[in-house]
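Protein chains: 2
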Amino acid sequence: MSFQLEMDRSAKKTGSNIVLALDLPPDQPSRLLSKSIKTLEMVHTYLCAVKMNRQLVLPLGLYDGVQQIVKWTHDQGLPIIMDCKINDVGHTNRAIAEHYYKAGFDAVTANPFVGWDGGLQPVFKTAKQMHRGVILLVYMSHKGAEEGYGQTVQEPKTERRIHQYVVFAKKALSWNADGAVVGATYPEKIREIHAILKNQVPIYSPGVGAQGGSIEAAITAGARYLIVGRSITFAENPVEAAKFIRDTANQFLKEQ
Amino acid sequence: MSFQLEMDRSAKKTGSNIVLALDLPPDQPSRLLSKSIKTLEMVHTYLCAVKMNRQLVLPLGLYDGVQQIVKWTHDQGLPIIMDCKINDVGHTNRAIAEHYYKAGFDAVTANPFVGWDGGLQPVFKTAKQMHRGVILLVYMSHKGAEEGYGQTVQEPKTERRIHQYVVFAKKALSWNADGAVVGATYPEKIREIHAILKNQVPIYSPGVGAQGGSIEAAITAGARYLIVGRSITFAENPVEAAKFIRDTANQFLKEQ
Numbered sequence: 001m002s003f004q005l006e007m008d009r010s011a012k013k014t015g016s017n018i019v020l021a022l023d024l025p026p027d028q029p030s031r032l033l034s035k036s037i038k039t040l041e042m043v044h045t046y047l048c049a050v051k052m053n054r055q056l057v058l059p060l061g062l063y064d065g066v067q068q069i070v071k072w073t074h075d076q077g078l079p080i081i082m083d084c085k086i087n088d089v090g091h092t093n094r095a096i097a098e099h100y101y102k103a104g105f106d107a108v109t110a111n112p113f114v115g116w117d118g119g120l121q122p123v124f125k126t127a128k129q130m131h132r133g134v135i136l137l138v139y140m141s142h143k144g145a146e147e148g149y150g151q152t153v154q155e156p157k158t159e160r161r162i163h164q165y166v167v168f169a170k171k172a173l174s175w176n177a178d179g180a181v182v183g184a185t186y187p188e189k190i191r192e193i194h195a196i197l198k199n200q201v202p203i204y205s206p207g208v209g210a211q212g213g214s215i216e217a218a219i220t221a222g223a224r225y226l227i228v229g230r231s232i233t234f235a236e237n238p239v240e241a242a243k244f245i246r247d248t249a250n251q252f253l254k255e256q
Numbered sequence: 257m258s259f260q261l262e263m264d265r266s267a268k269k270t271g272s273n274i275v276l277a278l279d280l281p282p283d284q285p286s287r288l289l290s291k292s293i294k295t296l297e298m299v300h301t302y303l304c305a306v307k308m309n310r311q312l313v314l315p316l317g318l319y320d321g322v323q324q325i326v327k328w329t330h331d332q333g334l335p336i337i338m339d340c341k342i343n344d345v346g347h348t349n350r351a352i353a354e355h356y357y358k359a360g361f362d363a364v365t366a367n368p369f370v371g372w373d374g375g376l377q378p379v380f381k382t383a384k385q386m387h388r389g390v391i392l393l394v395y396m397s398h399k400g401a402e403e404g405y406g407q408t409v410q411e412p413k414t415e416r417r418i419h420q421y422v423v424f425a426k427k428a429l430s431w432n433a434d435g436a437v438v439g440a441t442y443p444e445k446i447r448e449i450h451a452i453l454k455n456q457v458p459i460y461s462p463g464v465g466a467q468g469g470s471i472e473a474a475i476t477a478g479a480r481y482l483i484v485g486r487s488i489t490f491a492e493n494p495v496e497a498a499k500f501i502r503d504t505a506n507q508f509l510k511e512q
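Chains as they are written, first to last, in the working numbering: chain A, 1 to 256; chain B, 257 to 512.
Rather than coming from a laboratory, the hints here were simulated on the basis of the structure. Check the hints yourself; a few may be wrong.
What the simulated footprint calls covered on chain A by chain B, stretch by stretch (three residues with Cβ under 8 Å from a Cβ of chain B suffice, anywhere in the stretch; the number is not a length) [as the list claims (entries may be wrong)]:
(1) 57 to 67
(2) 94 to 102
(3) 118 to 128
(4) 131 to 143
Quick reminder that beta carbons are idealized off the backbone N, C-alpha and C, glycines included.
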């Protein structure tokens with residue numbers, strides 16, 4: 001089963017399109033691990049998947065604490081994504097992807113800026129061999145994203161001026177990516193990118209809440225999944241926050 | 257002392273401008289650790305610094321095996337660079353940089369594509385606070401680099417068409433980066449980028465040997481340091497390979 005299908009089934013089964021971003025603030029490794037599990041215990045019924053990033057991998061160790069969180073997540077029947085934003089040369093990219101897949105992650109994120117040949121080709125090849133997913137960054141959620149993702153570039157074949165994120169969305173289609181990340185802080189970009197990707201490549205959207213993105217704007221523009229971190233993990237009541245975000249997203253998803 | 261000055265002194269003291277890229281092929285963690293130390297024991301006298309990447313961090317663990325290698329390298333008086341190619345949002349980037357600096361790394365690499373605001377600004381701030389370095393990717397060594405680093409973009413202010421790597425070289429200057437990575441496989445790009453950076457930001461050039469780059473071409477075009485991995489680590493005689501590469505580089509550096 002492809003990662004895209006796995007996510008589709010998970011969303012249907014759980015009745016949620018929320019991916020929890022487990023980006024906890026710096027702390028002692030043992031406390032980070034117990035906080036991660038405690039957070040998941042509280043909110044996992046409101047999620048369709050979990051996303052982890054380097055805030056946990058570096059202090060906990062991949063084949064140590066991180067693998068415990070991966071196992072816990074899988075035990076609840078949820079997929080887990082490693083947000084490693086791969087952007088190195090091919091043999092390093094392959095080693096990174098292989099390690100995360102071996103540790104149990106169902107998908108990795110990668111930056112299409114690095115290109116195909118000697119860049120992301122080995123990542124897509126490894127993903128295919130190990131039946132896992134690759135999600136491409138198409139437009140990130142922070143302000144500085146406009147410098148790179150938002151810049152105007154020359155399309156090599158036509159020499160037309162187009163936006164960088166349009167080039168990346170087209171790569172997501174031609175490389176058969178399992179998902180595209182587009183920041184909820186830029187709903188007009190979600191709409192434009194969704195018009196290219198249609199329903200072939202689902203949009204994952206980080207940035208609602210803490211970063212200022214609106215759930216309604218992101219979903220109505222075409223985001224399929226919301227990646228939510230601090231709006232849940234930093235909430236006074238993470239359970240209520242997770243339930244509220246799930247329900248709000250579901251309301252607008254139904255209207256699509 | 258700034259990282260740039262630290263590298264300058266190390267090169268003068270060791271009589272070498274070679275940075276060893278410790279990117280060993282996948283293996284058991286204990287064997288990877290012993291191979292790393294064994295390789296360093298053999299060749300460290302021919303180096304001015306060491307560069308590590310995720311091929312070691314993921315299996316060995318940052319605060320475990322990796323820190324042993326960092327300590328070993330420092331005990332020989334050599335700086336060590338973490339090639340983590342930072343390209344995430346600000347709070348994650350800061351966490352990544354802080355972890356690597358805390359583990360002892362003297363510098364990290366970062367991708368300027370991510371932009372400043374909410375992107376690399378927190379990395380440069382952390383580097384300044386902890387007296388460490390940031391090296392920016394300006395043109396990578398693999399073939400697919402032309403898709404991103406080599407593309408033509410529109411300069412926001414002037415609307416002129418310029419190359420992406422020219423934009424990145426200018427950012428390296430204005431952000432006060434401690435170094436710029438430009439692949440030895442593209443000597444004409446080194447020359448063009450060196451003309452922008454002059455001697456304010458030294459060029460680190462990977463890709464000689466295994467990837468096809470020439471030492472002479474890279475150095476005469478303006479590279480200050482050569483990052484060499486497989487041409488040393490995979491050589492039948494790593495000591496002779498390291499000595500030969502150091503001496504060849506020195507010969508052309510003298511002619512500059």
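Here's how the hints hold up against the structure:
no. : hint       : in the structure
1   : 57 to 67   : holds (count 7)
2   : 94 to 102  : holds (count 5)
3   : 118 to 128 : holds (count 4)
4   : 131 to 143 : holds (count 4)
Checked against the numbered hints above, the structure breaks none of them.
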